[in-house]
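*Asks:* Protein chains in written order, with numbering that gives the first Met the number 0: chain A, 0 to 240; chain B, 0 to 46.
Everything labelled a hint here was simulated from the structure, so no lab data went into it. Glycine included, C-beta positions come from ideal geometry on N, C-alpha and C. Just to be clear, a hint being listed does not mean it is correct.
[Stated by the list, open to error] With the C-beta cut set under 8 angstroms, the calculated list includes, among others, these residues of chain B facing chain A: (1) I7; (2) F13; (3) A14; (4) I19; (5) V23; (6) R32; (7) N45.
[Claimed, not checked] Under the rule of at most 25 angstroms between Cα atoms (straight-line distance), these lysine-lysine pairs were calculated in the BS3-like manner: (8) B:K31 - A:K232; (9) B:K30 - A:K232; (10) B:K31 - A:K20; (11) A:K20 - A:K154; (12) A:K13 - A:K116; (13) A:K13 - B:K38; (14) B:K44 - A:K116; (15) B:K44 - B:K31; (16) A:K154 - B:K44; (17) B:K44 - A:K232.
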Amino acid sequence: MTNFKIFKYANPAKFLYLCEKTFIYLVFLTIVFLFYGLYQGFFNSPEDYQQGNLVRIMYVHVPSAWMALMIYSSIAVASCIYLINKHLLANIFCKSASLIGASFTLIAIVTGSIWGKPTWGTWWVWDARITSMLVLFFLYLGHMTIFNFSENITKSGQAAALLAILGFINIPIIKFSVDWWNTLHQPASVIKLSGPTIHSSMLTPLLITALGFFFYFLVVLIIRMRSEITNEKINNLSFTK
Amino acid sequence: MINNLFYIISASSFALAIMILLFVISFTSLKKREKVFNKISKNRKNN
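Isolated chain B, as found in the complex:
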């Protein structure tokens, strides 16, 4: 029973960890690019 629980928790936590990681990576990448884009467009307006 405890052994089965180990396999169930391992599988589900691996799946959730990958899904959360993917969300965080994608969101961080979007925010970084938006920051760069805003900076470039602001500089161009000032010039």
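In isolation and in its complexed conformation, chain A is listed as follows:
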């Protein structure tokens, strides 16, 4: 496992060097994809035949929900790596990504609620998809709380990693909740085996915005990981004083 090339960058110094080289390009890609995708979604994509212009909420709601699930899955994978290989960088990744994932989950829940009022006639309903997203938000909050118990992240990292791995069971529940139960939330229309059922004039801006959200995640992740690495350096300097 240690022969994987990716572990070459599991060294904080090499990781910081890589971040320094790529950061400005990621900022550029975030601005381009986010603004172009949102512009296309809000002003150039067609109205929905049933919902009219309200469908435009999709361009912030859906990418946020995808990011919330993707970030939690990556935290679960990094937690496994941390528990097996004890890579400090995997633990720093988990701590740094947690708040970003929680923010995307909050955005997905709130924008979904705003979308639900005019389309369903209610701000909130305890259906399977929405409730499981709320559970994901609480998992993120729990994960962040465990890390905040101790200044030393190696102490809190193991407990947080266990929670992240156990909580991963919620990810397939969120994804398939609309198929397993009768929900008010619509079934999947993009990520499905038979291919997307959404028209390309809506799908293209949606995917561009999703890429913009992904690059934004990378930008904020790098900032937060650099911050955590600096904090570790401060702790080490204070300890060796």
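Based on these hints, arrange chain B on the given structure of chain A.
*Replies:* For chain B alone, coordinates are given in the frame of chain A:
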């Protein structure tokens, strides 16, 4: 129509506000920690 616009603007501005806030919080935290780190390492060099 105006009612729909209210929902669209509310949802998108909430999303953008959270994203900008998260960026600002993360960046400020990084700068503060870098400042503390530079101060400590400078003091140690002087000592």
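*Asks:* Compare the structure with each hint and give your call.
*Replies:* Each hint, compared with the structure:
1. The closest approach between the C-beta of I7 of chain B and any C-beta of chain A is roughly 5 angstroms, which is under the 8 angstroms cut-off, so the hint is satisfied.
2. Interface restraint check: F13 of chain B against chain A, minimum CB-CB distance 6 angstroms, threshold 8 angstroms, status holds.
3. Among the interface hints, the one on A14 of chain B holds; its C-beta lies about 4 angstroms from the nearest C-beta in chain A, closer than the 8 angstroms criterion.
4. A distance limit of 8 angstroms between C-beta atoms decides the matter here; for I19 of chain B the minimum to chain A is near 10 angstroms, and the interface restraint is violated.
5. Taking 8 angstroms as the C-beta cut-off, the interface hint given for V23 of chain B is violated, the closest approach to chain A being about 10 angstroms.
6. Residue-level restraint check for R32 of chain B holds (minimum Cβ-Cβ distance to chain A is 4 angstroms; threshold 8 angstroms).
7. For N45 of chain B, the interface hint is violated, the least distance from its beta-carbon to any beta-carbon of chain A being 14 angstroms, above 8 angstroms.
8. Taking the CA atoms of K31 of chain B and K232 of chain A, the gap is about 13 angstroms. The hint holds against a cut of 25 angstroms.
9. Proposed proximity of K30 of chain B and K232 of chain A is supported: the alpha carbons are some 14 angstroms apart, at most 25 angstroms.
10. For the suggested pair K31 of chain B and K20 of chain A, the alpha carbons sit about 22 angstroms apart, so the restraint of at most 25 angstroms is met.
11. Proximity of K20 of chain A to K154 of chain A is assessed by CA-CA distance (about 31 angstroms); at most 25 angstroms being required, the pair is judged violated.
12. Taken as a hint, the K13 of chain A and K116 of chain A pair is broken in the structure, with Cα atoms around 49 angstroms apart against an allowance of 25 angstroms.
13. Restraint check for K13 of chain A and K38 of chain B: satisfied, since their Cα atoms lie roughly 24 angstroms apart, inside the 25 angstroms limit.
14. The suggested pairing of K44 of chain B with K116 of chain A is violated, with an alpha-carbon distance near 61 angstroms, which exceeds 25 angstroms.
15. At most 25 angstroms may separate the alpha-carbon atoms for a hinted pair to count; K44 of chain B and K31 of chain B meet this at roughly 20 angstroms.
16. Between K154 of chain A and K44 of chain B, the direct Cα distance comes to roughly 30 angstroms. Violation of the 25 angstroms bound is thereby established for this hinted pair.
17. The straight-line distance between the Cα atoms of K44 of chain B and K232 of chain A is roughly 15 angstroms, inside the 25 angstroms bound, and the hint therefore holds.
When the structure is compared with the earlier hints, violations turn up for hints 4, 5, 7, 11, 12, 14 and 16 and for no others.
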